[in-house]
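Chemist: Given the sequences, and given the hints that come with them, work out the whole structure.
Residue numbers (this note's numbering), protein chains in the order written: chain A, 1 to 209; chain B, 1 to 594.
Incorrect hints may appear among the rest.
To be verified - Far from chain B by the CB rule (all over 10 Å, computed), these chain A residues:
#	residue
1	44
2	57
3	62
4	65
5	74
6	85
7	86
8	98
9	101
10	122
11	123
12	127
13	141
14	151
Unchecked claim - When the alpha-carbon atoms are kept at most 27 Å apart in a straight line, the in silico DSS-like pairs for lysine-lysine are as follows:
#	chain 1	residue 1	chain 2	residue 2
15	B	384	B	368
16	B	349	B	11
17	A	68	A	53
18	B	390	B	533
19	B	499	B	537
20	B	179	B	197
21	B	384	B	325
22	B	11	B	22
23	B	570	B	593
24	B	197	B	109
25	B	407	B	384
26	B	368	A	94
27	A	158	B	349
28	B	390	B	238
29	B	169	B	227
30	B	384	B	537
31	B	109	A	187
32	A	158	B	405
33	B	281	A	94
34	A	94	A	68
35	A	187	A	158
36	B	390	A	187
37	A	187	B	22
38	A	158	B	407
39	A	187	B	238
40	B	35	A	187
If you are wondering where the hints come from, they were derived from the structure by calculation, not from laboratory data. No experiment lies behind these values; they were computed from the predicted model shown. In this text, a Cβ means the ideal position worked out from N, Cα and C, and glycines have one as well.
Each chain, letter by letter, is given below.
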Amino acid sequence: MTPTNSRQRSAGDEAAPRIGVYVCHCGLNIAQSVNCPQVAESASTANDVVLSKDITYACSEPGQQEIKQDIIDNQLNRVVIASCSPRLHEPTFKQMVQDAGLNPYMMEMANLREQCSWVHMNDIENATRKAETLVDMAVSRVRHLDPLTEETLPLIKKTLVIGGGIAGIQAALDLADCGYDVTLVEKQPSIGGMMARLDKTFPTMDCSI
Amino acid sequence: MTDAGRHPRIKLLTLSEVVDVKGYVGNFDVKIIKKAKYVDETACTSCGDCATVCPVVRPDEFNMGLASRKAIYSPFPQAVPSSYLININECLGHNPAVCSKCVDACDKKCINFHMSDEEITEQVGSIIVATGLEPYDPTELDEYGYTRFENVLTSLEFERLVNAGGPSKGSLIRPTDRKKPKSVGFIQCVGSRSLRKGEQYCSNICCMNTIKSTLVLKEHYPDMEVKVFYIDIRAFGKGFEDLYTRSRRLGVKYIRGLPGSLEETAENTMRVAVENSATGKLEFHELDMLVLALGVKPAPSTQRLQEIMGLQLTPDGFYLEAHPKLQPVDAATRGIFYAGCAEGPKDIKESVTQASAAAVRAVRLMHKGEISSEPITSEIIAEKCKACGKCAEVCPYNAISVDVKNKKPAEVNSAACAGCGTCAAECHFDAIIMNHYTDQQILGQVDAMLTTEPETKILVFACNWCSYAGADYAGVSRLQYPANAHLVRVMCSGRVDEKFIWEGFRGGAPVVLVSGCHIGDCHYIDANHWTEKRVAKLHKKMVRLGIRPERLQLEWISAAEGIRFADKMKDMEALRKSVSAEEIADTIELLTKL
Ligand code: SF4
Ligand code: SF4
Ligand code: SF4
Ligand code: SF4
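Modeler: Shown next, in the form of structure tokens:
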């Protein structure tokens with residue numbers, strides 16, 4: 001199989017952008033140094049933004065419910081979540097917009113926590129200004145996003161375990177007992193690692209082998 | 001251990017090393033070198049006849065050199081596999097066969113000097129890295145006199161001496177006179193928690209290991225005097241405090257303070273000078289034997305494997321997990337997981353727990369038999385492509401093929417494309433679309449950032465895996481830096497197209513930073529080499545155009561370098577202040593005319 005390169009673009013999503021913006025407080029994590037209502041207010045004036053609000057905990061169950069409902073009620077087709085790092089919650093919110101009927105790639109996050117509120121703690125004015133800019137940037141990006149579809153690839157049901165100490169042995173056995181083939185590679189002539197050298201081990205004080 | 005050796009689904013490759021890993025989640029191609037053992041593993045019955053006749057005597061590594069073995073040997077009695085092997089550098093017999101006594105002694109004819117190293121390739125869907133630890137070598141700590149004084153042992157040597165299967169059959173003896181010591185002292189934190197020598201972190205296991213050793217001693221020799229010198233005792237695990245209390249109740253003395261120096265008396269007894277920080281007094285203790293509680297370091301192979309697989313390390317040299325709380329056993333690279341001390345010092349229980357967790361994460365990934373791949377891949381616009389071949393040249397994954405001779409446009413194999421975006425940045429004809437990180441999407445962010453008061457702002461391009469993660473780490477650590485740094489996230493610094501930089505300067509940005517993984521740590525093999533080249537090229541162009549090249553900075557920041565990130569932001573702010581309004585205006589004018 002040689003997948004070619006024109007698969008991802010599902011054609012026909014040329015509808016005019018209708019963007020929803022959510023500025024998360026994260027309790028006080030963000031709200032203590034960023035004026036979240038003000039950020040939401042400022043984003044509401046941007047082109048294509050249909051709806052912009054602040055929200056206490058975007059990732060919480062009620063938070064997600066509210067956003068999903070908004071997507072449906074307002075026919076939003078793009079969403080900006082201004083909250084924590086995408087490295088944390090991008091999968092959460094991708095799933096959320098997908099549940100509400102959008103393509104998961106039509107969501108963008110603005111990092112207002114790790115890269116704003118937490119690093120400019122005593123500077124509400126500048127942190128808020130930066131948050132506004134970060135949201136502007138995300139709105140601009142989300143406007144240009146294209147829906148993409150994931151591709152399914154075959155996978156080899158086999159694991160390589162590097163290192164035959166206690167951890168490697170345990171992982172190999174667990175996998176093998178679940179029915180997966182395992183190749184266990186050990187540099188030394190025997191498996192066992194450090195543990196094999198120990199006499200008794202805490203807390204049970206029994207033999208290690 | 002024997003279960004692992006016998007399991008029909010486990011293929012055991014010992015005396016073997018992984019030398020190369022290619023491919024991606026679900027489909028890794030692994031190259032392994034299996035070193036020759038010169039004994040047929042499957043035929044050897046471990047009778048040991050060969051070793052009886054072998055004339056070469058060598059220190060036995062398993063017993064920390066406290067016992068000896070032959071040049072043909074089985075690693076240790078319960079070894080898996082238990083078959084014998086020859087250390088060919090020690091053997092006298094091969095080529096020309098001058099000795100070969102073992103060959104004659106072996107009934108099963110399993111010894112063969114003509115064996116050679118074997119190269120094995122494996123295809124796997126996931127990888128678990130469990131490379132373990134290396135004990136700290138205390139020789140450099142001269143004050144403890146390890147190797148100078150024979151009765152100063154490491155904790156591992158001590159382990160072998162009290163082990164029933166060890167060289168002294170489990171009875172503790174002093175190396176100098178082979179007599180039972182009347183008193184034993186333990187020194188904690190050797191190679192750990194030190195700013196001077198060794199490592200700064202707590203090695204986590206040595207406190208409990210020492211407590212265990214004191215209990216073993218008190219069980220066998222109730223009258224033995226046992227003392228422990230420590231900074232503080234860390235007995236935080238389940239049931240650990242109990243063991244500590246039991247040890248003290250049995251009469252083990254815990255002395256708060258690490259020895260400053262020691263000397264040997266005429267009877268080979270160690271005289272220890274220590275400032276007891278509980279009493280504030282300088283004390284002297286005479287002990288027949290001293291045991292150094294060694295700290296642990298990452299296994300020596302850690303860095304080599306990190307480079308082969310494009311993984312990340314913490315400053316301590318252990319593997320860095322994708323997220324310290326939510327993905328503690330995942331590597332940032334999909335399909336790779338960590339187990340045991342490879343990720344940080346830990347005890348057996350924790351290693352086993354983590355190993356099971358890693359196994360389940362691998363099962364979770366594999367059980368469907370297929371995986372969905374992120375559609376963040378590149379796409380060629382055939383009409384624009386001039387078939388110059390540049391993209392194929394830069395792609396770290398060989399995912400692009402171009403028929404330069406016949407001018408047939410480039411084609412991307414999207415299963416092989418990892419999505420770094422280097423090709424899109426390097427194509428001079430704008431013939432490549434990088435999905436989810438298109439020119440339009442990124443330029444849009446740059447423009448939005450610079451709409452108001454651009455002169456007050458710092459534009460930063462950060463790669464997802466290292467620098468963006470490093471910025472997050474600065475956040476988690478609450479490191480404060482100027483509030484005008486704005487990050488544009490790209491998957492790889494290789495994606496940062498020249499035109500993004502010019503767009504920034506044309507939009508009025510005083511300074512621009514491109515940041516990515518350290519050279520050698522790139523998540524996309526070596527795509528950041530192209531970043532480096534491109535920035536060098538840009539610097540030259542800036543000089544030619546009369547723009548101060550310092551205004552464009554390149555910095556490698558790893559995911560663990562929060563401090564470096566915050567410091568760099570402060571530097572950038574200082575740099576920004578040095579750029580005058582006229583300078584910015586000149587640049588804008590210059591670039592708009594181009
Ligand atoms: S989405 Fe992120 S920032 Fe918002 S509440 Fe959840 S964790 Fe906090
Ligand atoms: S576990 Fe104890 S001995 Fe080991 S480094 Fe930590 S404090 Fe020191
Ligand atoms: S670099 Fe651009 S023009 Fe050259 S072969 Fe690749 S896609 Fe075609
Ligand atoms: S250079 Fe990067 S984005 Fe382009 S084809 Fe290769 S892996 Fe994919």
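Chemist: Once the closest CB in chain B is found, is it more than 10 Å from residue 74/A?
Modeler: Answer for residue 74/A: holds, closest chain B Cβ roughly 23 Å.
Chemist: For residue 44/A, which was marked as not at the interface, is the minimum beta-carbon distance to chain B over 10 Å?
Modeler: Holds, because the least Cβ-Cβ distance between residue 44/A and chain B comes to about 15 Å, which exceeds 10 Å.
Chemist: Within a Cα-Cα threshold of 27 Å, do residue 179/B and residue 197/B meet the stated pairing?
Modeler: Violated, at about 33 Å.
Chemist: Quick one, are residue 384/B and residue 368/B close enough, alpha carbons at most 27 Å?
Modeler: Violated, because 39 Å separates the two Cα atoms, which is more than 27 Å.
Chemist: If you draw a straight line from the CA of residue 187/A to the CA of residue 238/B, is it 27 Å or shorter?
Modeler: Roughly 33 Å separates the two Cα atoms, so the pair is violated.
Chemist: Residue 11/B and residue 22/B: Cα distance at most 27 Å?
Modeler: holds, 20 Å
Chemist: At 10 Å, judged by beta carbons, does residue 98/A keep clear of chain B as stated?
Modeler: holds, 12 Å
Chemist: Checking one constraint from the list: CA of residue 349/B to CA of residue 11/B, max 27 Å. Satisfied?
Modeler: holds, 25 Å
Chemist: CA of residue 281/B to CA of residue 94/A, is that 27 Å or under?
Modeler: violated, 63 Å
Chemist: Measuring Cβ to Cβ, find out whether residue 57/A lies farther than 10 Å from everything in chain B.
Modeler: Per Cβ check, residue 57/A is outside 10 Å of chain B; nearest 16 Å; holds.
Chemist: Could you grab the alpha-carbon distance between residue 68/A and residue 53/A and see if it respects the 27 Å cut-off?
Modeler: holds, 14 Å
Chemist: Within 27 Å, alpha carbon to alpha carbon, are residue 570/B and residue 593/B?
Modeler: violated, 32 Å
Checked against the numbered hints given earlier, the structure breaks hints 6, 7, 10, 11, 12, 13, 14, 15, 20, 21, 23, 24, 28, 32, 33, 36, 38, 39 and satisfies all the rest.
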